[in-house]
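Trainee: Residue numbers for the sequence shown follow the UniProt record's numbering, beginning at 1 and rising by one.
Derived by calculation from the structure, the hints in this document are not laboratory data.
Positions of the beta carbon are idealized from the N, C-alpha and C atoms, including for glycine.
Do not rely on the hints blindly, as some may be mistaken.
Quick list of in silico lysine-lysine cross-link-like pairs, DSSO-like style, CA-CA up to 30 Å [as the list claims (entries may be wrong)]: (1) K135 with K26; (2) K100 with K26; (3) K100 with K167; (4) K88 with K16; (5) K167 with K248.
So the derived label-pair ranges between C-beta atoms look like this [to be verified]: (6) E31 with D144: 27 to 33 Å; (7) E140 with R268: 23 to 29 Å; (8) R230 with A35: 48 to 54 Å; (9) P141 with A117: 32 to 38 Å; (10) H28 with N119: 19 to 25 Å.
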Amino acid sequence: MRTYTSLFTRFPDQNKAEVFAHFHWKSHEGETWQAPFAHLAELAAPEPWGFGGGDTHKSRDYPILTNYLNHTFLRVQAQDKINYSPDKRRSCFNTGLQTKEGNDIYATFYWSDMAVALNRTDWVWHGFYPAHSDKLREFEPLPDIATYIDDPSSLVFDDRYEFEIDKRHILEDNRERLPLILQDNLILALSALDGAVSMLQSRLRRDCMLATPHWYNNQVQLLMPLCITRTDTPDTVLVAERDDERRKYIVKTILTPQMAYINARVLRVLHRPWLQGIPMQQVDAPLESVLNPLNRVSQ
C-alpha cells in the first residue's frame, strides 16, 4: 500500500497522490468542507474542538479536531493499524475517539476507481461509525487505537534536568508569539523571558504535571506554560525536548497557547488547568490558514 502524507487535502495545490481520502460534502444543500468533521464532533463525547466559543459543535471550524484526526491517521498508518475489507476496496481505522456511551468511533472509506483519471485521491470518505454499527462488520476484528508512548517517563517533567533555551531564535524568529508589549523591545523581552522562565522552574518543582506532553516529529516533547504579563494565564508556551544524554530540556521554540492546545490534544484529552483556561474565542489568521487550508479548497 502507498504511504500518504495526510488524511485529507491540507492546501489547494497539494498532490492528490499524497492524500489518503477525499472528504465530500453537499454544497448544494449549504454544507461546507466542515460537514464531515461536524458529524464526527456530534457523534463523539463533547469536547471543545474549535475556537468559536459557546456550543463548539456549531463553531465556524474545527481546527483542533482536524489536526487531531490527521495526526491520528498518520500514526495508525505507520503502525499498520488500518483494516481493509476482504476485497481491499474498503478501509477503516480507529479515530481514538469515543461516543458519550463509551463506544469507539471508526472512520471508513471506499476505493475510488477514477482516482488516476480524474487526479483525485485513492480513497473517498464514507462515514464515521460507532463500534456496534453494521457498517463495520467487514473490518472485524476492528483496528486498535494509535499508540505513542514507549517510555512513560517522557510524559513527566524531571526537575533534575536543566533548561537550555535558544533565546535568540525565540526572540527574533518567534517574536509574533510573544505578548504585544514585548514584540518591539527585545531588551525588555529578554528580561521578561528570563524572569518568566525562573518562575516556571519554581512552579515545575512543585507541580511536575504542569508540563503537558505533545507529539511532534515522532517523539514526545513537553509543553510548559510561560506566564509573562499575568500569573494565572500563559502568554506563550515553551516547547521542551528532553535530552537524556545531556540531562537537559532543550527549548528551541515557543507556541501560542492555542497552538499548544491543538498539538497537545493529539496525545490525550486535556485536563490541565492552564490548558483548560485558554481563551477559545478566536484564533489568529496565520494559525487558521496553517491548520485549516481545507476552507480554501473548492470541491
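Trainee: A separate judgement is required for each hint: does it hold in the structure or not?
Mentor: Now the hints, each set against the structure:
| no. | hint | result |
| --- | --- | --- |
| 1 | K135 with K26 | 21 Å, holds |
| 2 | K100 with K26 | 27 Å, holds |
| 3 | K100 with K167 | 44 Å, violated |
| 4 | K88 with K16 | 20 Å, holds |
| 5 | K167 with K248 | 15 Å, holds |
| 6 | E31 with D144: 27 to 33 Å | 32 Å, holds |
| 7 | E140 with R268: 23 to 29 Å | 27 Å, holds |
| 8 | R230 with A35: 48 to 54 Å | 38 Å, violated |
| 9 | P141 with A117: 32 to 38 Å | 35 Å, holds |
| 10 | H28 with N119: 19 to 25 Å | 23 Å, holds |
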